[in-house]
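In case you want the letters, here they are:
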Amino acid sequence: MITFWVVALGLTILLYVLLDGFDLGVGILHLFNRDEADRRRMLAAVSPVWDGNETWLVLTGTILFGAFSKVFALALSAFYLPVLVGICALVLRGVAFEFRSKATRTRRLWDVAFGAGSLVAAFVQGAAVGALVRGLPIENGVYTGGAFGWLSGYSVLCGAGLCVAYALLGAGWLAAKCDGDLRDKAFALLPRLLLGLLLFLAVAVAAALAAGLPIMGRWIERPYLAVFPLLGAAAAWGLLDGVAKRRDLRPFLMGGLIFTAAFGAVAVSFWPYMVPFAITVDEAASPPQSLWFMFWGAGLIALPLTLAYTAFAYRVFGGKIADSAAYDE
Amino acid sequence: MTALLLSRLQFAYTISFHIIFPSFSIGIAAWLSVLEGLRLFTGKPVYRRVFDLWLKIFGIAFGMGVVSGIAMAFQFGTNWSRLSAAAGPIQGPLLAYESFTAFALEASFFGVLLFGRPRVSPPLYFFSTVMVALGTAFSAFWIMVNNSWMQAPVGYAIADGTFVPTDWAAILFSPVLWVRFPHMLLAAFITGAMCAAAAGAWYMLHDRSKEEAGVMLRMGLLLAAILLPIQLFFGHLTGDYVHDRQPAKFAAIEARWHDEQPAGEVVIAIPDAQAQTNRYEVKIPVLGSLIATLTTTSKEVGLTDFPPQDRPPVAIPFFAFRIMVGCGLAMLALAWLGAFLGLRQRLMRYRWLLWAIVAGFPLPFLATLTGWFTAEVGRQPWVVYGVLRTADALTPNLAAGSALSTLILFVLVYTAIFTFGAVFIFRLLAAGPALAPGGLPANPKRPLDFSAHAPADPESAQ
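Chains as they are written, first to last, in the numbering used here: chain A, 10 to 338; chain B, 4 to 465.
In case anyone wonders, no lab produced these hints; they're calculated from the structure. Do not rely on the hints blindly, as some may be mistaken.
[Unchecked claim] Distance windows between CB atoms, simulated:
1) Ala362/B <-> Arg116/A: 28 to 36 Å
2) Ile287/B <-> Val121/A: 53 to 61 Å
3) Phe309/B <-> Phe321/A: 49 to 57 Å
4) Ile287/B <-> Leu118/A: 32 to 40 Å
5) Val414/B <-> Gly150/A: 54 to 62 Å
6) Lys47/B <-> Ala46/A: 35 to 43 Å
Idealized CB from N, CA, C, for every residue including glycine.
Could you put together the complete structure from these sequences and hints?
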């Protein structure tokens, strides 16, 4: 039963990162694009799906709470400021979707809320992963690092890196969903964002090696981890090829593959720890009564239903957005 | 200020803000289902116009409820990590069910409600409306399971300092839950009904959209008139469980400091915790026993029976409870008078009553909020009643500065979105029901419906 919930948790995290990743990325790009027509089309490209995407974060949180309460308690208390600031950022960017179109005088304000909210949410997520990779100050299962124990040059680097990576996914999504001018802009941005991402990954690995982070030992113990960078490299090549040949969907899919490879690399190098090197999956797991209770309803019925619905929603809203459908209702 | 007090303030602030939206949207979702059902079976376009207006309002309230709800789930971990580590095996699965059922039903069918009218058949659209309403009610159910377990923990054993669930059936069928969940659900329905009636009364007073206003006013008042007595009954049952299982909370609500037999009922007073007595007290003898046990002789316990560290604060539950009951009785008066005059077709003559109904729209919100204050503050000093103290649930090593900065952040962000959300809702209400629903014949088989009714009310086109 623990295995089931580890897989379910991994799946919800990955889906959250991929799905909310692209709409956060579109939000970040929105911040740097001043053209009103572009902005409307960018919103239109994500408006039918963003709240569904964000729900994967809530599902991740509640699975963690129910199935791995100790990690939920430890991680959230360690990341107190980034989590709550990130949530406020998500709240602001979420209401901006509705408010922007209804506002008259305050439209600029909601534009900033949407863009900056996306940027902040992406940054804190990256910083949290960076802090986990670097290692948190934990004694006897209690976080002892204070308000800024998660903050380091390394976590800032990872935060910035994730912003670039989400922007890459966002640009891929825009290339797939938009036509004309905006599609051209997205295709022009993609190679630059990819270069930025690869640079960041190189620096992150170099910094981890230079700092002698214990997690890097995993790569010597587990040489098969090398499959993930290889997969990532292949995806990067596929992305560039897709840009060169102007394949609409390819950059997004390849960007997603890069994310999946990175996620796999982090997850496998953490294993069997959930918070490296403080708490393992088995230590964190809730008692079997809790896991089974969740399994019969949430795991067996609701999770597959939710997956099916997500697939269905993407089908319904599939294809290019029409220019006339610019989000201004 | 300590991290503990700041965390409590932050939780109280965010949850008070949050509860306003679900209690409104649960009621409106149920009402939308009824409207869509009526539209389907009677074919009258007026239901569709009312539906379209309230769907837009529902959209805003629903969105704000969702985003403010995300914060709640994570605060359990950020501020109350000892609680989540200890009670996670019970509370976590319940919240997981909440997010899964809410997502599976609300999120999926809400998209159909907003964008799907042209794409699905009318019965399927109606079905989607019902599913959204069901989703909001399920969501409330799981939250109430969770909270009722904190009020009256059952079905658990304690091992290594954590709560291990031993009997999920006991948790899901706890009698406490089954009086508190209907109490909350009825509160939500009454909120929707009173808001609909207030909007209808407002249009009536401004002599516009009369057909739609009539639907809102009649349905709202009738529903409230029927539900309010039922709500009072469930409120009484809720009081019974508090009396039996949380005697300290009951004594605090009654501001009863010492044992009394038979007990009097303090109608109003200023409780003085230091002196352990009430000032400016107005008290009715014997009524306290009557309320507590329906007898004239029962002995009722006072707060001084409990050691000081086990007593809840008195002033907040005492006043909050009285405000809640006062709001309930005021709504009952408005709804009965309005429904009585409405049924006799005389309501329009009493403009003061219509104004009172308009002005009464905050009453259900106030009643819900003060009801929660009574329940939650009255549970103190416990977070899991009788087992885990709030002070012991706090995140270890949480810096007061962190708690203060996030409290300020939440106050700023929530105040901003609340203000704008309220403005947008009022703007939609001021614009009123649209002339023609969606610009299409409401029912393709009866295109005349559309043209016959469209020009009837030019005012509403604004």
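Verification of the hints:
1. Ala362/B <-> Arg116/A: 28 to 36 Å: holds, 33 Å
2. Ile287/B <-> Val121/A: 53 to 61 Å: 58 Å Cβ-Cβ, so the 53 to 61 Å window holds.
3. Phe309/B <-> Phe321/A: 49 to 57 Å: holds, 55 Å
4. Ile287/B <-> Leu118/A: 32 to 40 Å: violated, 54 Å
5. Val414/B <-> Gly150/A: 54 to 62 Å: violated, 32 Å
6. Lys47/B <-> Ala46/A: 35 to 43 Å: holds, 41 Å
Violated hints, listed in ascending order, are 4, 5; each of the other numbered hints is respected by the structure.
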